[in-house]
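A.B. asks: Sequence:
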Amino acid sequence: MSVQGTGPLAAGSSAAKPVANARRSRLLNPLTALATARALAAGDKARDERRWPEAVEAYGKALQSKPGAAPLWMQYGHCLKEAGRIGDAGNAYLEALALEPTNPDTLLHLGRVKGAMGDAASAVGFLERAVASPALGADPRLRSDASSEILTLGDRARDERRWADAVAAYEAHLRIQPEAGPIWVQLGHCLKESGQSEAAETAYLRGLEFDPDNSDVLLHLGRLRLIAGDFGAAAYYLERAAEAASPNEDARAELRDLLLSHLADFSAGATGDETDWLDDLLDHSQSFGSGKRGAKFWSDLGDRLEANSAQAERAYRKSVELDPDNFDTLLRLSRIGLARDDIASAAQDLEQAEALLPAEDAAPDEDRRTEAAELALRIADRARETKRWLEAVEAYRRSLRIRPGVAKTWLRISGCLDEAGKAAEAESAYAMAAELAGEPVSAEADDDRRLLNCKLCGGVSRVVFGLPHNKKAGHPIPDEPDDCMYYQCDDCNFLFTPALDLDDHTEIYDEEYWNKQDPDWYGRVSQTLRLVAMANEMLQKRLDQIEILDFGSGAGAFVQSGRTDLGLNVWGTDIIAPHLGKDWFLADLGERKFDVITCCEVIEHLPNPREVFAKIRRHLKSPGVFAFQTAWWDPAQLGRDWWYLGPHNGHISLYSREGLAHVFKDMGGAERRMWNDYPGCQAWLFR
1 MSVQGTGPLA AGSSAAKPVA NARRSRLLNP LTALATARAL AAGDKARDER RWPEAVEAYG
61 KALQSKPGAA PLWMQYGHCL KEAGRIGDAG NAYLEALALE PTNPDTLLHL GRVKGAMGDA
121 ASAVGFLERA VASPALGADP RLRSDASSEI LTLGDRARDE RRWADAVAAY EAHLRIQPEA
181 GPIWVQLGHC LKESGQSEAA ETAYLRGLEF DPDNSDVLLH LGRLRLIAGD FGAAAYYLER
241 AAEAASPNED ARAELRDLLL SHLADFSAGA TGDETDWLDD LLDHSQSFGS GKRGAKFWSD
301 LGDRLEANSA QAERAYRKSV ELDPDNFDTL LRLSRIGLAR DDIASAAQDL EQAEALLPAE
361 DAAPDEDRRT EAAELALRIA DRARETKRWL EAVEAYRRSL RIRPGVAKTW LRISGCLDEA
421 GKAAEAESAY AMAAELAGEP VSAEADDDRR LLNCKLCGGV SRVVFGLPHN KKAGHPIPDE
481 PDDCMYYQCD DCNFLFTPAL DLDDHTEIYD EEYWNKQDPD WYGRVSQTLR LVAMANEMLQ
541 KRLDQIEILD FGSGAGAFVQ SGRTDLGLNV WGTDIIAPHL GKDWFLADLG ERKFDVITCC
601 EVIEHLPNPR EVFAKIRRHL KSPGVFAFQT AWWDPAQLGR DWWYLGPHNG HISLYSREGL
661 AHVFKDMGGA ERRMWNDYPG CQAWLFR
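Under the UniProt record's numbering, read the sequence shown as residues 1 to 687, first letter to last.
Errors might be hidden in some of the hints.
For each label pair, taking beta carbons as the anchor points, the in silico distance ranges come out as [said to hold, decoys possible]:
(1) A587 <-> G291: 54 to 62 angstroms
(2) G229 <-> A355: 51 to 59 angstroms
(3) P623 <-> E591: 12 to 20 angstroms
(4) E658 <-> A533: 20 to 28 angstroms
(5) E480 <-> L356: 52 to 60 angstroms
(6) D490 <-> D283: 51 to 59 angstroms
(7) P623 <-> L282: 19 to 27 angstroms
Derived DMTMM-like pairs (lysine to aspartate or glutamate); straight-line CA-CA distance at most 25 angstroms [claimed, not checked]:
(8) K615 <-> E671
(9) K192 <-> E160
(10) K665 <-> D381
(11) K292 <-> D325
(12) K621 <-> D595
(13) K387 <-> D325
(14) K665 <-> E374
(15) K422 <-> E385
(16) K665 <-> D583
(17) K66 <-> E100
(18) K422 <-> D381
(19) K296 <-> E371
In short, the hints are calculated from the structure, not lab data.
The structure displayed is predicted, hence computed values, not measured ones.
The beta carbon of each residue, even a glycine, is placed where N, CA and C say it ideally should be.
From just these sequences and the hints, can you work out the full model?
C.D. replies: Right under this line is the structure:
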């Protein structure tokens, strides 16, 4: 059926004449009964033969003499509609309705016409009036027809994404047939799409009353609860969906992903012990699957909860409960234990992961083996740093089981056994390290050992030369015995001497040091200011809006000048009290953090560089910058006569390009700058 002439009747048009004449005929004498009968007969015949234009003309003539005949207006409207003149048909039906306002058939046809014209709201209104008509009882079929028409209007509006029209139609249908469960679900969809979440949930719940195991409805309810932040209810609906007779696996996977995303966002904003939502999830854990599938959900959740290690650990534990052979998750748990300094827990999880590695002579998984060995070293190093010597030994041995034949690990074992008072075992471990490193084992005392662990990266370090203890930087080498041995790392070329490790360093930096060995107090001011400028370039903040710590502030000249001359927010800290800037000296940093930490000619003095670098990182804000200046050790160009070497004034840790690169990575640096490409003057940005 072509749809033409859909507008209202226009006065003066040929289609309007029968109606206009009919209206006038109400005031004039009617045509003869014979003429009217002939017109009606002609109209009926043309209608039956589907000659719609002729039927329209004939009925129009009949209406001139019978304008009050509602059935005749209906026939006239039908033929206009079939002729494609939808708008004119609607006007004819309105004439009929004016004569019989409660006629359900007329209301039904008006609803259809208005729907065809795209006026969904009017269509639904007429169809609802048809259902409510007192005359409907005479023809119950009309109730079903009207209800079906309303449903069709709703489906069409839904498909065309006209959510408001769809909602109105579905609500009207449900007022007629409130037991139509699937339509409650459709109403819920449209309400949700139109942003009416609460009303959508109510509709879904009504639909669920008629089909309690409908997995799609359960999933939609879960989505709504998830959006509302009610994670326990979301898990409840997901669990019911999982237990339904016909679960929708794709939709379940989608909801699991949504849940993971929302939970991570929620956890990031949580504080303290706000873990009720996680308790709810664990209570409904079966809804996320069993075995490896369920384990993957909990492992993925743990990854997303990385910012909250306590919550992440609970998720990982659940994952391992479902899949005890998940190597990667066990390593994650071990790292969490290490981060909170629970060496026993970290070691236990790593031991379980170690058991999953293939034998060394089997098809190897090199990446996993390396990862596990490095984690074992980190656990052992942490135990050693906290003087838990035997725990460290066990962890180092675990590393050797995973990756045997590593000289530096045997060296670390030897050192820990020494500290634990097990001299014989320490000697045996050292002999193994020396054999692996190709270094002859000395029969002399421990002090003459030719191998040590690198203080920076833990690698094997060998004696490269010695210097007299009284050698001062910038001065000739005294004609005295070489009683300070310098070791260089095979891996990172870091150069150091352990000769001063047990000395009281506060005695080194006495009045003589400041007045004779390092008298250029104010020369350090300009050099430190250069470090601040490099840091500020990376932070891109105003200098008067950042907090600066001069770590190893010495005499305090930069702190004094920065405060009084430049108006900087700068503090100093050191192992000795300053001469200047005393009001801004921090003997104890506590929990304070700074935007910038500078070290100008400081890091070469450190007997324990790894510990100090870790401390600096702890006191940096995020983002924050660590900037330092020291002389650069280049083993290819320099040797024993390098002017910068000087045990007497504490130059005991000298950094190569590779050594500084290792520290940058170990501290977790994000970006670094060098001054004029000189490795000894750098600024490191931390996010």
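A.B. asks: A range of 12 to 20 angstroms was offered for this pair. Does it hold for the Cβ distance of P623 and E591?
C.D. replies: With a Cβ separation near 18 angstroms, P623 and E591 satisfy 12 to 20 angstroms, so the hint holds.
A.B. asks: Please verify whether K621 and D595 have alpha carbons no more than 25 angstroms apart.
C.D. replies: Roughly 5 angstroms between the alpha carbons, so the hint for K621 and D595 holds.
A.B. asks: Has the given pair, K665 with D381, been kept, meaning a C-alpha gap of at most 25 angstroms?
C.D. replies: 17 angstroms, holds
A.B. asks: Measure nothing beyond the straight line between the CA atoms of K422 and D381; if it is 25 angstroms or shorter, mark the hint as holding.
C.D. replies: 19 angstroms, holds
A.B. asks: Has the hinted range 52 to 60 angstroms been met by the Cβ atoms of E480 and L356?
C.D. replies: Given about 57 angstroms between the Cβ atoms, the range holds.
A.B. asks: Check the hint pairing K192 with E160 against an upper bound of 25 angstroms on the C-alpha distance.
C.D. replies: Distance ~15 angstroms between K192 and E160 Cα, so the pair holds.
A.B. asks: Has the hinted range 51 to 59 angstroms been met by the Cβ atoms of G229 and A355?
C.D. replies: Since G229 and A355 have Cβ atoms about 41 angstroms apart, the given range 51 to 59 angstroms is violated.
A.B. asks: Between K665 and E374, is the straight-line Cα distance small enough, at 25 angstroms or below?
C.D. replies: 15 angstroms, holds
A.B. asks: Verify the proposed pairing of K66 with E100, using a straight-line Cα cut of 25 angstroms.
C.D. replies: Cα-Cα ~15 angstroms, so holds.
A.B. asks: Does D583 lie within 25 angstroms of K665 when you go C-alpha to C-alpha?
C.D. replies: The given pair, whose Cα atoms are some 35 angstroms apart, is violated under the 25 angstroms limit.
A.B. asks: Run the distance test for K422 versus E385: straight-line Cα separation, threshold 25 angstroms.
C.D. replies: 18 angstroms, holds
A.B. asks: Would the hint linking K615 and E671 be met if the CA-CA limit is 25 angstroms?
C.D. replies: Holds, at roughly 19 angstroms.
Violated hints for the displayed structure, listed by number in ascending order: 2, 7, 13 and 16.
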